[in-house]
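Protein chains: 2
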Amino acid sequence: MKISAQEEYGLRCMIAIASSKKDNGLSIPEISKMERLSEPHVAKILSILRKTGYIKSIRGQGGGYILARSPEAILISDLLSSLGGRVFTPEFCDRFNGHTEECVHKGVCPINILWEKIQIAIDRALHGITLSDIIKGLNNAGDKNSNQKHLFMQNIANAQVKR
Amino acid sequence: MKISAQEEYGLRCMIAIASSKKDNGLSIPEISKMERLSEPHVAKILSILRKTGYIKSIRGQGGGYILARSPEAILISDLLSSLGGRVFTPEFCDRFNGHTEECVHKGVCPINILWEKIQIAIDRALHGITLSDIIKGLNNAGDKNSNQKHLFMQNIANAQVKR
DNA sequence: ATTAAAGTTTACTTTTTTGTACATTATAAT
DNA sequence: ATTATAATGTACAAAAAAGTAAACTTTAAT
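First to last, the protein sequences are chains P and X. Going by this note's numbering, the first sequence runs without a break in its numbering and finishes at 149. Going by this note's numbering, the second sequence runs without a break in its numbering and finishes at 149.
Please note that the accuracy of each hint is not assured.
It does not matter which identical chain is used: a pair holds within one copy or between any two.
Claimed, not checked - Once the Cα atoms are required to be at most 25 Å apart in a straight line, the calculated PhoX-like pairs of lysine-lysine come out as:
no.: 1; residue 1: K135; residue 2: K103
no.: 2; residue 1: K(-12); residue 2: K30
no.: 3; residue 1: K30; residue 2: K8
no.: 4; residue 1: K103; residue 2: K(-12)
no.: 5; residue 1: K(-12); residue 2: K7
no.: 6; residue 1: K92; residue 2: K135
no.: 7; residue 1: K103; residue 2: K37
no.: 8; residue 1: K7; residue 2: K42
It is worth saying that the hints were derived from the structure and are not from the lab.
Please take these sequences and the hints and turn them into a complete structure.
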């Protein structure tokens, strides 16, 4: 199980846009420079994020991209699902069925149950974490240069228990 | 995040081999029929499993594949890592770094920390589960036809708390 | 009105993953 | 020894994911 490029870069772009202070948002050239990705590549990623409703575009000169909703209303788990799918879905059994219409393991399927177990664990780990939490965590952790990772983790954990 | 074909089919083949009662193991043609996969495809999957040390082959007529170790000694988490990699590894930052040598987010990287959080959750969910647990769970759940899934889950959970 | 800077769309290329084909090697049974 | 059945290795083909290129549309500034 790996993270796909789309999940990784999609999330980075969301964080960049959410962190921006500008009113008319971040442009493709700006994000391209910040993240060191080619402009067409950024354009492609942002088009996915726009079509899935996470960002809005402002066209014309001086335009760019802004969040479609407040960062508090954007769950990381939703965002990741949109960018890279889920480990387990009810339709899972239609995916890997070799050379037959219906999966051979219909009925009690130990593997299916394993994937569901993993999915539940992931959902629990991400439960309640919003884009806002990531941004805040980043800001707080940036203050001092010691224990940054631990601080960030704490911030996230604190945000989660409140929900 | 999705399960790769290699993880899915690799695990299925391991379960098939581990469940077999035969002394000289299961052959490629047999697994091919059981799982409805082409013989070359099964051959490829088994070659990976053999090279990573999970199964041993018995060549020549009447040959096949058997587990390289007892199913109690095969952790599902290890098996899955071998087949499909891990969500988070210490070398993660070398993977997605756009057009530069070193990732732009060196230092406090919120995404990195998220992936690690997910990895920890997955490891915890699979902790202690062995191939043997899956086989036993399957056998027990097969007894009655009601509540099969719940029974299977229970079996796995019981196996885990003992460790 | 024209221009420049931005997003949008479509098509393409490259790379990785997935799956196939077939010739080769090994061994048990005859 | 020969044959049948099985694994092994190498090369190839197809599909999916990742990334690039370029023509087109929109809008603010001049």
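Each hint tested on the structure:
1. K135 with K103: between (28 Å within a copy, 12 Å between copies)
2. K(-12) with K30: For K(-12) and K30, the Cα distance is within 25 Å both inside one copy (21 Å) and across copies (21 Å).
3. K30 with K8: within (22 Å within a copy, 53 Å between copies)
4. K103 with K(-12): both (17 Å within a copy, 14 Å between copies)
5. K(-12) with K7: neither (32 Å within a copy, 34 Å between copies)
6. K92 with K135: between (44 Å within a copy, 12 Å between copies)
7. K103 with K37: neither (30 Å within a copy, 28 Å between copies)
8. K7 with K42: within (16 Å within a copy, 59 Å between copies)
Figure legend: structure checked against the earlier numbered hints; hints not met, in rising order: 5, 7.
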